[in-house]
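Q: Sequence:
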Amino acid sequence: MKRYTFDKFRTADKHIGTQMKSTGEVMAIGRNFEEAFQKAIRGLDIKKYGLENISGNIDEIRKNLIEPTDDRMFYIYSAFEFMSADEICELTNISKFFIEKMKHIWELEKESKN
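Residue 584 is where the sequence shown starts when you use our numbering, and the numbers rise one by one after that.
Think of the hints as simulated: they come from the structure by calculation, not from any bench. Keep in mind the model is a prediction, meaning the values are calculated, not measured. Even for Gly, the Cβ is constructed at its ideal location relative to N, Cα and C. Incorrect hints may appear among the rest.
To be verified - Simulated DEER-style distance windows between Cβ atoms: (1) Asp669 / Glu617: 34 to 44 Å; (2) Asp669 / Lys693: 11 to 21 Å; (3) Ala611 / Pro651: 27 to 37 Å; (4) Pro651 / Glu683: 29 to 39 Å; (5) Glu694 / Ser667: 13 to 23 Å; (6) Ser678 / Glu650: 11 to 21 Å; (7) Asp654 / Leu691: 28 to 38 Å; (8) Glu618 / Lys679: 13 to 23 Å; (9) Gly639 / Glu692: 14 to 24 Å; (10) Thr652 / Gly626: 11 to 21 Å; (11) Glu673 / Ile612: 23 to 33 Å; (12) Leu691 / Ile637: 13 to 23 Å; (13) Ala619 / Asp642: 25 to 35 Å; (14) Ile641 / Arg614: 30 to 40 Å.
The task is simple: from the sequences and hints, build the whole structure.
A: See below:
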């Protein structure tokens, strides 16, 4: 997983395109994708302990799904409150495999809170 430290470069454009902007990367190993993905997020040193919601309305979340940024995975996670995995796949052009894995993490978190 790439690390984008836009907090150190406040004037930099956060849009992720073909230019290399990452300042590091992490690798994580787990028994399954979900575990490794959560470990990788913790390893990014961005003061997050895994996937978590970003507050915002549906329009803001939808806009951030379309444009790739360093926070996109957190907007994807937040979008599960309002949207189906298919809708998210369509907006992000990310493989349904990865979206379904993120949704599984979201479902487990909701289940554990109940």
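Q: Falls inside 13 to 23 Å, the C-beta gap from Glu618 to Lys679?
A: holds (20 Å)
Q: Between Ala611 and Pro651, does the C-beta distance stay in 27 to 37 Å?
A: violated (21 Å)
Q: Verify the CB-CB distance for Glu694 and Ser667 against the hinted window 13 to 23 Å.
A: holds (18 Å)
Q: With 25 to 35 Å as the target window, see if Ala619 and Asp642 comply at their CB atoms.
A: Distance hint for Ala619, Asp642 holds at roughly 32 Å.
Q: Given the hint of 11 to 21 Å, check if Thr652 and Gly626 actually sit that far apart at their C-beta atoms.
A: holds (19 Å)
Q: Looking only at beta-carbon atoms, does the pair Asp654, Leu691 fall within the given range of 28 to 38 Å?
A: At 21 Å between Cβs, range violated.
Q: Range hint 13 to 23 Å: satisfied by the CB atoms of Leu691 and Ile637?
A: holds (19 Å)
Q: Regarding Ile641 and Arg614, is the given constraint of 30 to 40 Å on their beta-carbon distance met?
A: Cβ of Ile641 to Cβ of Arg614: about 34 Å, so the range 30 to 40 Å holds.
Q: Does the Cβ-Cβ separation between Asp669 and Lys693 fall within 11 to 21 Å?
A: holds (19 Å)
Q: Do the beta carbons of Asp669 and Glu617 sit within 34 to 44 Å of each other?
A: violated (20 Å)
Q: For the range 29 to 39 Å, tell me whether the beta carbons of Pro651 and Glu683 fit it or not.
A: violated (19 Å)
Q: Taking the beta carbons of Gly639 and Glu692, is their distance inside 14 to 24 Å?
A: Because 18 Å falls inside the window, the suggested range holds.
Hint check: violations occur at hints 1, 3, 4 and 7; the rest are consistent with the structure.
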